[in-house]
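Chemist: Please model the entire structure based on the sequences and the hints provided.
Below are the chains, spelled out letter by letter.
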Amino acid sequence: MRKKIWVSCAIILIGLMVLGFSVQAFAKQADKAKQPAKITQNEDVASKETVNESTGTKEEAASPAAGETNAMDKQAQCPMMQGGCKGGGVGAKGLLVVISALAAALGVGIATIGPGLGQGNAVARAMEAIGRNPESQSKIMPTLLIGLAFMESLVLYALLVSLVLLFLNPFIKMV
Amino acid sequence: MEASEAFSYYTKSVMGYNVHYDTVSVTWMILLGAVAASLVLTRKINKVPGRMQSVAEMLVEYFNSLCESMAGKKGRRFAPYIMSIFLFILSCNWLGLFPAFLKVGHIQITMPPTRDISTTASLAIISFFAFQYFGFRDKGIKYLLHYIYPIPLLVKSLPRYLLIMIPPLFLLFVFLNIVEELARVLSLTVRLMGNILGEHVVASSLLGFVVILLGLSAICAPFADVLPIFLLFLGLLTGAIQAFIFSVLTLSYIGHAVEEEH
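For the protein sequence lines, the chains are A and S, in the order given.
Quick note on numbering: the first sequence equals residues 1 to 175 in the working numbering.
Quick note on numbering: the second sequence equals residues 1 to 262 in the working numbering.
Hints in this document: simulated from the structure, not taken from any laboratory.
Here the structure is a predicted model, which is why all the values come from computation and not from measurement.
Built from N, CA and C at the ideal position, the CB exists for glycine as well.
Mixed in with the good hints, there may be bad ones.
[Claimed, not checked] Take a look, some chain A residues computed to stay more than 10 Å from chain S by CB distance:
1. V23
2. K28
3. A104
4. A105
5. G120
6. P142
7. I146
8. A149
9. V155
10. L156
11. L159
12. F167
13. P170
14. K173
[Said to hold, decoys possible] Derived DSS-like pairs (lysine-lysine); straight-line CA-CA distance at most 25 Å:
15. S:K139 x A:K4
16. A:K173 x A:K93
17. S:K47 x A:K4
Modeler: Encoded structure:
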């Protein structure tokens, strides 16, 4: 009976591995086929921009606030910079880097408040219990350590997000 | 000894996948060391144990009693798996405390492979499969009732006319229990990886500071020597506690999956 279970588990595992491998190979091939489409997409965006510029210049004579359309014009010319090509725009990438650093620093800092209070509370109660009954120390200590580890892991979730923001930021490739 | 080196791996692509060569080599080293140690320790087993044999017996007996207390009367069968996990993670974590940055080619040897999320994730996934395996082996197909946990209790206690309210709760409880199962796996991996990685990065940064201190003047030298001692102590404690907690939590979840009295 036990041998049947092992054989079936092995077959299932090998089947899953083959499935995963084939899915991944199929996705890679689909990725390679997608790349020429990106270049045509860029050309479409460029043609849309010229259309916008022409409508902007037509509206300039009609609208009373000339400054607004000038700003829209500049924005359309350099869509990645905030404030136009010249004149001290921060750039979307710079803004992203700054906010990522700030979020990473504040995230872990704020995340240590709650678990810190909780762990202090837990250790205080454990000390009290041991003081009341010193013989029960060998039963209280492992339970205390397990509880502390649970609380510690809450900080580690925030640390994980901070590390991802600092070292493996996925938004930098989008900007 | 820089913080950026503590967080980077020597990767090469093998058949399309990026493999962390240093993690894999250190893991294999530890496995070979464990096999060699077990062969040496079980060469001559006397009835009156010598020193090393009595240490090993103490460890085995402690884990057997722990398994029995946490997983029911027949809990001793989980002890081999739990102890293997504990010893593997312990040796992984303590390997990162050797002060030398030994490199063989491009691969750094004295680094804890558990700072890589792949190692800890694989251990947690193996534990996940262990929960399902032990659950199905002990209870058969009735282990699937585990995924609708509070409902069997409700069915026994409610009067007949309220039983119609249970089917909507079915999907909710299945969803909740599956999410809890996945959260256990995630928490096991992140807890171990976060502790060891954090320790490694902080230790590397502080030891880099030590090099600067030594270079500054002769007065700073005593302070530079004392710091690694504190780091070693902290590393020993953290590594041992995290290994213990991983194994004890796995044991507790297995016990939860196997227990009879719901």
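Chemist: Against this structure, judge whether each hint is valid.
Modeler: Cross-check of the supplied hints:
Every beta carbon of chain S lies more than 10 Å from that of V23 (chain A), the smallest distance being close to 13 Å; the non-interface claim holds. Here K28 (chain A) does not stay apart from chain S, with its beta-carbon only about 7 Å from theirs, under the 10 Å limit. The non-interface label for A104 (chain A) is consistent with chain S: the shortest C-beta to C-beta separation is roughly 14 Å, beyond 10 Å. Here A105 (chain A) stays apart from chain S, with its beta-carbon at least about 15 Å from theirs, past the 10 Å limit.
Every CB of chain S is more than 10 Å from the CB of G120 (chain A) (nearest about 17 Å), matching its label as outside the interface. A Cβ of chain S approaches the Cβ of P142 (chain A) within 10 Å, the least distance being about 7 Å, so the stated non-interface status is violated. In this structure I146 (chain A) is not separated from chain S by more than 10 Å, as the shortest Cβ-Cβ distance comes to only about 6 Å. The Cβ of A149 (chain A) does not lie farther than 10 Å from every Cβ of chain S; its closest approach is about 4 Å, which violates its non-interface assignment.
A cut-off of 10 Å between C-beta atoms contradicts the statement that V155 (chain A) is not in contact with chain S; the least separation is 8 Å. Remark: the non-interface label on L156 (chain A) conflicts with the geometry, its nearest Cβ contact in chain S lying 3 Å away (cut-off 10 Å). The non-interface label for L159 (chain A) is inconsistent with chain S: the shortest C-beta to C-beta separation is roughly 5 Å, within 10 Å. Chain S draws F167 (chain A) into its interface by the beta-carbon criterion, the shortest separation being 6 Å against a cut-off of 10 Å.
For P170 (chain A), the condition that its CB be more than 10 Å from all CB atoms of chain S holds, with the nearest at approximately 16 Å. With 10 Å as the threshold on Cβ separation, the claim that K173 (chain A) sits away from chain S holds: the shortest Cβ distance comes to roughly 16 Å. Simply put, K139 (chain S) and K4 (chain A) have alpha-carbon atoms about 17 Å apart, close enough for the 25 Å limit, and the pair holds. The hinted pair formed by K173 (chain A) and K93 (chain A) meets the criterion: a straight-line CA distance of about 10 Å does not exceed 25 Å.
Distance restraint check for K47 (chain S) and K4 (chain A): the Cα-Cα separation of roughly 38 Å exceeds the 25 Å cut-off, and the hinted pair is therefore not satisfied.
In terms of the numbered hints stated before, the structure departs from hints 2, 6, 7, 8, 9, 10, 11, 12, 17, listed from lowest to highest.
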